[in-house]
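Once you have looked at the hints, place chain B on chain A.
Protein chains: 2
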Amino acid sequence: MSGLLRTPPQTDLPAEFVFIKQHFAKLAGPAALDLSDDAAVYTPPPGKDLVIAADAMVENVHFLPTDPPETVGRKLLRCNLSDLAAMGAKPEGWLLTLARPKTLPDTWFAQFCNGLEQDQKIFSLSLMGGDTTSTKGPLVLSLTILGSVIPGQAIKRRGAREGDGLWVTGMIGDGALGLQALLGKLTDASGHLADRYRLPQPRVGLPLSGIASAAMDISDGLIQDAGHLARENGLGVVLHASQIPLSSAAKACGDKWFETCLTGGDDYEILFSVPPEHEATLLQNPVMATVAGPVPVTRIGHFCKQQLGVTVLGRDGAEMTFAHHGWSHL
Amino acid sequence: MSGLLRTPPQTDLPAEFVFIKQHFAKLAGPAALDLSDDAAVYTPPPGKDLVIAADAMVENVHFLPTDPPETVGRKLLRCNLSDLAAMGAKPEGWLLTLARPKTLPDTWFAQFCNGLEQDQKIFSLSLMGGDTTSTKGPLVLSLTILGSVIPGQAIKRRGAREGDGLWVTGMIGDGALGLQALLGKLTDASGHLADRYRLPQPRVGLPLSGIASAAMDISDGLIQDAGHLARENGLGVVLHASQIPLSSAAKACGDKWFETCLTGGDDYEILFSVPPEHEATLLQNPVMATVAGPVPVTRIGHFCKQQLGVTVLGRDGAEMTFAHHGWSHL
Chain A
1 MSGLLRTPPQ TDLPAEFVFI KQHFAKLAGP AALDLSDDAA VYTPPPGKDL VIAADAMVEN
61 VHFLPTDPPE TVGRKLLRCN LSDLAAMGAK PEGWLLTLAR PKTLPDTWFA QFCNGLEQDQ
121 KIFSLSLMGG DTTSTKGPLV LSLTILGSVI PGQAIKRRGA REGDGLWVTG MIGDGALGLQ
181 ALLGKLTDAS GHLADRYRLP QPRVGLPLSG IASAAMDISD GLIQDAGHLA RENGLGVVLH
241 ASQIPLSSAA KACGDKWFET CLTGGDDYEI LFSVPPEHEA TLLQNPVMAT VAGPVPVTRI
301 GHFCKQQLGV TVLGRDGAEM TFAHHGWSHL
Chain B
1 MSGLLRTPPQ TDLPAEFVFI KQHFAKLAGP AALDLSDDAA VYTPPPGKDL VIAADAMVEN
61 VHFLPTDPPE TVGRKLLRCN LSDLAAMGAK PEGWLLTLAR PKTLPDTWFA QFCNGLEQDQ
121 KIFSLSLMGG DTTSTKGPLV LSLTILGSVI PGQAIKRRGA REGDGLWVTG MIGDGALGLQ
181 ALLGKLTDAS GHLADRYRLP QPRVGLPLSG IASAAMDISD GLIQDAGHLA RENGLGVVLH
241 ASQIPLSSAA KACGDKWFET CLTGGDDYEI LFSVPPEHEA TLLQNPVMAT VAGPVPVTRI
301 GHFCKQQLGV TVLGRDGAEM TFAHHGWSHL
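Protein sequences, first through last, are from chains A and B.
Residue numbers for the first sequence follow full-length UniProt numbering, beginning at 1 and rising by one.
Residue numbers for the second sequence follow full-length UniProt numbering, beginning at 1 and rising by one.
By construction, these hints were calculated from the structure, which means they are not laboratory data.
One or more hints might be untrue.
[Unchecked claim] Once the Cα atoms are required to be at most 25 Å apart in a straight line, the calculated SDA-like pairs of lysine to any residue come out as:
1. 185/B to 245/B
2. 21/B to 61/A
3. 48/A to 43/B
4. 21/B to 109/B
5. 48/B to 153/A
6. 102/B to 60/A
7. 102/A to 183/B
8. 102/B to 133/A
9. 256/A to 243/A
10. 26/A to 234/B
11. 136/B to 182/A
As the structure is a computational prediction, the values presented were derived from the model and not from experiment.
In isolation and in its complexed conformation, chain A is listed as follows:
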């Protein structure tokens, strides 16, 4: 009579549950309760503060439909890891919601989750929960990340003072150039630039505490984000174009791509201010540790009071101007 309602447990699973078990179960940590409950139950590390960030990515806005599925998930996770890194927090766990177009096959998600599995190992965190729904629009992914930090040691955007140096990790512009390469607008023989666009290197573990007075990650372009950091501190900032670190692949693109490097976004490097008393040590040995290995750090300018906004000085000492500051999300 009621066969419809009394199928055995294993075959009774709605498509959503099968989808979650099939792809996401392997990512779930102890807090996730097998991804079968209404919520995760998580015991925070005793005596720590939590650092929590959320970021969304939309197909054709933040990634390309032709991007390998392995890197799409990793890119989103890494953008969020970069937010934790900017505050000096240790990754703990993450939640994911996805609005899925029916046209996207299961095989896409299998690869998407394989990529995330690799990054969970590299950055020592696990999936806590999430939600899956359908959409008639593009794929939308939203990720919330939790990290922990010793109370009082989170590095915030506010804290820089006049005279502090402005420092940056890694190289600037590779991600923005990588997007242009993938769009066919420039040649990227080694594939290094496209790799950096698809797979940013979050600076998790960067020991900012006791060195940096303020920090943020660069996601929307160096100039725009340096402007945010200055504004949050009621200061201006002066950048020296010749000191901005570029990879050899970026240099090979030529001077006409310099503006793209400084304003294109997708760097996920850490921008931080360092009080003068801590700069000597860094200048002597401009390398810092991260969980993924050492990263070079470079002094690219300083904070000032006289002039608000961002001033970029060229090799000749003259101010440079740019058509755009950076990426706007609206």
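Frame of chain A, contents of chain B only:
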């Protein structure tokens, strides 16, 4: 020379920042750091576990473009609050990401946030952070909620035993009927059903600890969700149709809408199992407290071992069959 880069701080704000400050700043709690940082910094209540859930809502899937913006935000928040309520957790804070179509005006978000402001007061929590981006598709909202619970007291889906009663808060089916009313498929003279579709009543504060052996909230239809609860416990469940609580507005729709009530979803009531030794007290006084006031609770069936899946018995004692179990998200 570099006017483009040196505008004063207040006019220098990118559109995304203006949007966030204008609408969301009033919702931000202390952890949000004025919504100007990379992440929130949150000190969890000492000695508590955190309960964390994430849910996404998509225009035309979970809400209608004609729904009042005030209720769209509140509905999403309340769906997440319902997840906390099912586990017996106290709300602490939430994060929101939104993928915004350019066609949606600022006035829509002003109303959206006004609704959320009301609910923050009712349910005692505040915004911690989030992200705003654009999309060429429908509006996608993703909300992560954090709650706290005494360690060991979170009520999970697993824990029900053979012979436990199945109980439910409030009334079943009003939300599902409300959607049909808004689609013009039935008459809802009082507007009660549409109200319940647009604004679920999460049972935050329901004192499940020490009473319930397992619990979940009903979002995808009573029958489907009762099936999930039974399956998670390796059991079957028998429901008595005549005991399922219906509002007078639902009863007025007539018997032909009964299946919609049981399978349509959007209830956001709590489904919980109660061991026999705790049932007498509840049967004597079938009302439980929530932060929004007392709510009736009703025994609608029991868990069994003989028969897996869900069995619904009609008034005549015969098994009932239904075309669908409930809502599937994929």
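Legend entry - Restraint status (C-alpha distance of residue 102/A to residue 183/B at most 25 Å): holds (24 Å)
Inset, instruction - For the pair supplied as a hint, residue 26/A and residue 234/B, confirm whether the alpha-carbon distance does not exceed 25 Å. - result: Satisfied, since the Cα-Cα distance of roughly 22 Å is no more than 25 Å.
Legend entry - Given pair status - residue 243/A, residue 256/A, alpha carbons within 25 Å: Given that 25 Å is the threshold and the Cα spacing comes to 17 Å, the pair holds.
Inset, instruction - For the pair supplied as a hint, residue 48/B and residue 153/A, confirm whether the alpha-carbon distance does not exceed 25 Å. - result: holds (22 Å)
Legend entry - Restraint status (C-alpha distance of residue 21/B to residue 61/A at most 25 Å): Given that 25 Å is the threshold and the Cα spacing comes to 23 Å, the pair holds.
Legend entry - Hint consistency between residue 102/B and residue 133/A [alpha-carbon to alpha-carbon, up to 25 Å]: holds (22 Å)
Inset, instruction - Could you grab the alpha-carbon distance between residue 185/B and residue 245/B and see if it respects the 25 Å cut-off? - result: Since the Cα atoms of residue 185/B and residue 245/B sit roughly 22 Å apart, the hinted pair holds (cutoff 25 Å).
Inset, instruction - Decide if the proposed pair is consistent with the structure: residue 21/B and residue 109/B, CA atoms, cutoff 25 Å inclusive. - result: Measuring from Cα to Cα gives roughly 12 Å; hence the hint holds.
Legend entry - Pair hint outcome, residue 102/B versus residue 60/A [Cα-Cα no greater than 25 Å]: OK: residue 102/B and residue 60/A at ~15 Å, within 25 Å.
Legend entry - Given hint residue 43/B paired with residue 48/A - CA-CA distance at most 25 Å: OK: residue 48/A and residue 43/B at ~7 Å, within 25 Å.
Inset, instruction - Decide if the proposed pair is consistent with the structure: residue 136/B and residue 182/A, CA atoms, cutoff 25 Å inclusive. - result: Cα-Cα ~21 Å, so holds.
This entry satisfies every hint, going by the numbered hints stated previously.
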